[in-house]
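Asks: Line by line, the protein sequences give chains R and Y. Numbered continuously in our numbering, the first sequence closes out at residue 385. Numbered continuously in our numbering, the second sequence closes out at residue 385.
The set of hints was computed from the structure by calculation and includes no laboratory data. Treat the hints with care, as some may be off.
[Said to hold, decoys possible] Beta-carbon label-pair distances, calculated as ranges: (1) Y:N274 to R:K280: 47 to 53 Å; (2) R:K284 to Y:R299: 50 to 56 Å; (3) R:H249 to Y:S382: 34 to 40 Å.
[Unchecked claim] Facing chain R, from chain Y, some residues (calculated, C-beta under 7 Å): (4) W279; (5) D351; (6) A367.
Every residue gets a Cβ at the ideal spot worked out from N, C-alpha and C, and that includes glycine.
2 protein chains.
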Amino acid sequence: MKTEEAIITRRSVKHFDPEHKMTQEEIDKLFSLAILSPTAFNLQNWRFVRVEDTNLRKEIRQHAMDQSQITDASLLIVLCANLNAWKNPQRYWKNAAKEVQDFILPAADSYYRDKDQVQRDEAMRSCGIAAQTLMLSAKSMGYDSCPMDGFDFDQVANLIQLPDDHVISMFVVIGKGIKPAWPRPGQLGLDELVISNTF
Amino acid sequence: MKTEEAIITRRSVKHFDPEHKMTQEEIDKLFSLAILSPTAFNLQNWRFVRVEDTNLRKEIRQHAMDQSQITDASLLIVLCANLNAWKNPQRYWKNAAKEVQDFILPAADSYYRDKDQVQRDEAMRSCGIAAQTLMLSAKSMGYDSCPMDGFDFDQVANLIQLPDDHVISMFVVIGKGIKPAWPRPGQLGLDELVISNTF
């Protein structure tokens, strides 16, 4: 599917066929595309928790306003990020020339060190970018998706045993939609959303 | 261009043809696709500041480690978000049925009210998602892009006269690349990035 068509036809679908199973090949393809998403300083700070366990899905659903897509979609992905990914930047630059490493590695350190909010912002931005890669990839493969943040973040963190230096950004569910999304309910115009030079 | 090809061939390009001008039609298409990105509660909290003014570009470049793409790319977009978008949710749901509005509007209020970090996280997530829509749209239209957060956020906020209840998330520059990106410098494997059920 063409990129433009995937962007136009992607909608947040709430109802999925609980019987549909995606193949391992499809799942591998989705994640392989997701990790081509850009990250600042190439930190690859995202971690994708794929929840397959049926009971764990049911428990998460209880902390997500009982939304059926949590248990019915083929894939439930909890997008998390490692807040400390910046601490070992040489891992992500090992194939780069020495002069590139000599510039990038100290720059990453000074960008994040002792800056909790900057680390957290990076987590949310990176996961947002990767979420859209997942959703557009899914659409182009014939699947529907829904991004979600209507859940109890602390309870879900407990359930997935999230490490202390990681944070949850959002869920993305992917599967065979069985009911179309609502029509877009009230979209703003470009005249309000695109600002020229200054506010 | 197919979605998969756009995802695979999109790279963070640093060198752009300063003479290239995008047509108004191309620019309108890019932004029209960007605003089809999903947002929580359909808040459409992003604001896209398009910096056209040559002097303003030069000033921003001074606060962005003198990176040449700031002035040389055809488009410099400062992705911002309105932290208070949740305060008027009826605008975004005016075409929805009353029972949908009766559920969604109070839910949005209680999700964001008095929760500064939640509001900020939403800003970063939404802008991340929209940034990837912009970058993949650009690629499919034959353009290159670069996401950037290596700049002085406070100085740029002053320069674009950012309102107090808005926040900057990142830049996206778009244009005709004239030098390919570095080869990917050290990518992690799916075995590390995809976690099954629990950490």
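Asks: Evaluate each hint against the coordinates.
Replies: Here's how the hints hold up against the structure:
1. As the Cβ distance of N274 (chain Y) to K280 (chain R) is approximately 49 Å, the hint placing it in 47 to 53 Å holds.
2. In this structure the hint that K284 (chain R) and R299 (chain Y) lie 50 to 56 Å apart at CB holds, the actual value being about 51 Å.
3. H249 (chain R) and S382 (chain Y) have their C-beta atoms about 20 Å apart, which leaves the hinted 34 to 40 Å range violated.
4. Given the 7 Å rule on beta carbons, the hint for W279 (chain Y) holds: about 5 Å separates it from the nearest Cβ of chain R.
5. Restraint check, D351 (chain Y) versus chain R: the minimum CB separation of about 11 Å is more than 7 Å; hint violated.
6. Of the supplied interface hints, the one on A367 (chain Y) is violated, with its beta-carbon coming no nearer than about 10 Å to a beta-carbon of chain R, more than 7 Å.
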